[in-house]
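Participant: Counting in my numbering, the sequence shown runs from 1280 upward without gaps.
It is possible that part of the hints are untrue.
To be verified - Computed cross-link-like contacts, EDC-like style, restricted to lysine to aspartate or glutamate with a CA-CA straight-line distance of at most 16 Å: (1) K1453 x E1441; (2) K1453 x D1310; (3) K1407 x D1310; (4) K1364 x D1319; (5) K1430 x E1449; (6) K1364 x E1398; (7) K1349 x E1398; (8) K1430 x E1448; (9) K1360 x E1398; (10) K1322 x D1383; (11) K1360 x E1441; (12) K1364 x E1448; (13) K1430 x E1441; (14) K1364 x D1310; (15) K1349 x D1383.
Hints in this document: simulated from the structure, not taken from any laboratory. Computed from a predicted model, the values in this text were never measured in an experiment.
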Amino acid sequence: MFYRLLLCLSLLCAFSFSALAQTDIGRVQVDPVPYPSLADLVKRSDLIVIAWVNGAHQPYPTGRSVPQGKIVNYTQNLQVKRTIKGRSSRPLTVISTGVEPLPDASSPLNLQYPGPLSEGNYLLFLRKVRGSQLYSTAGLWQGVYPIYQGKTIALSNLGFTELNQLSQEEAVRKITAISR
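Let the hints inform the model, and build the full structure from the sequences given.
Facilitator: The structure is reproduced here in structure tokens:
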């Protein structure tokens, strides 16, 4: 009798865990709310990392659309090189939302639906997606700082200029000072 009870409890726990682990990625909504300051971005991010983003991505239809195309969620893996805030596993999976077909670079849709990141090194501010093992960039583009020739790049009118053209060590020091 005890073994049957133990078996039933084990099966129930396994079923509950696998149900939790399975996220309908097409139904996930990425939080687009911007942050008023770098301090707020740092404090509200669950994870801040320097990472290599793999350019490969997996699309998941959302069933929603805009006049220019279909809204799609994408997942990408990233390899964490350094964790500045929070605890991270390696690799992490990041989710983003975009439009297919991909709009022109000048389209305002890119601000609301940035799509997957290009392959490369980044300083990323991430938020945990509730009920999943996924992360999204905090404040959409506000949480994305490409690293080019060893320096961070704050995207024009999107990123915080306090993080522009910093070495990785300078960025880490600035973020660490704010998060204290």
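Participant: A separate judgement is required for each hint: does it hold in the structure or not?
Facilitator: A quick look at each hint next to the structure:
{"no.": "1", "hint": "K1453 x E1441", "in the structure": "holds (9 Å)"}
{"no.": "2", "hint": "K1453 x D1310", "in the structure": "violated (25 Å)"}
{"no.": "3", "hint": "K1407 x D1310", "in the structure": "holds (10 Å)"}
{"no.": "4", "hint": "K1364 x D1319", "in the structure": "holds (14 Å)"}
{"no.": "5", "hint": "K1430 x E1449", "in the structure": "holds (9 Å)"}
{"no.": "6", "hint": "K1364 x E1398", "in the structure": "violated (22 Å)"}
{"no.": "7", "hint": "K1349 x E1398", "in the structure": "violated (23 Å)"}
{"no.": "8", "hint": "K1430 x E1448", "in the structure": "holds (10 Å)"}
{"no.": "9", "hint": "K1360 x E1398", "in the structure": "holds (14 Å)"}
{"no.": "10", "hint": "K1322 x D1383", "in the structure": "violated (33 Å)"}
{"no.": "11", "hint": "K1360 x E1441", "in the structure": "violated (22 Å)"}
{"no.": "12", "hint": "K1364 x E1448", "in the structure": "holds (14 Å)"}
{"no.": "13", "hint": "K1430 x E1441", "in the structure": "holds (13 Å)"}
{"no.": "14", "hint": "K1364 x D1310", "in the structure": "violated (20 Å)"}
{"no.": "15", "hint": "K1349 x D1383", "in the structure": "holds (15 Å)"}
In summary, the numbered hints that this structure violates are 2, 6, 7, 10, 11, 14.
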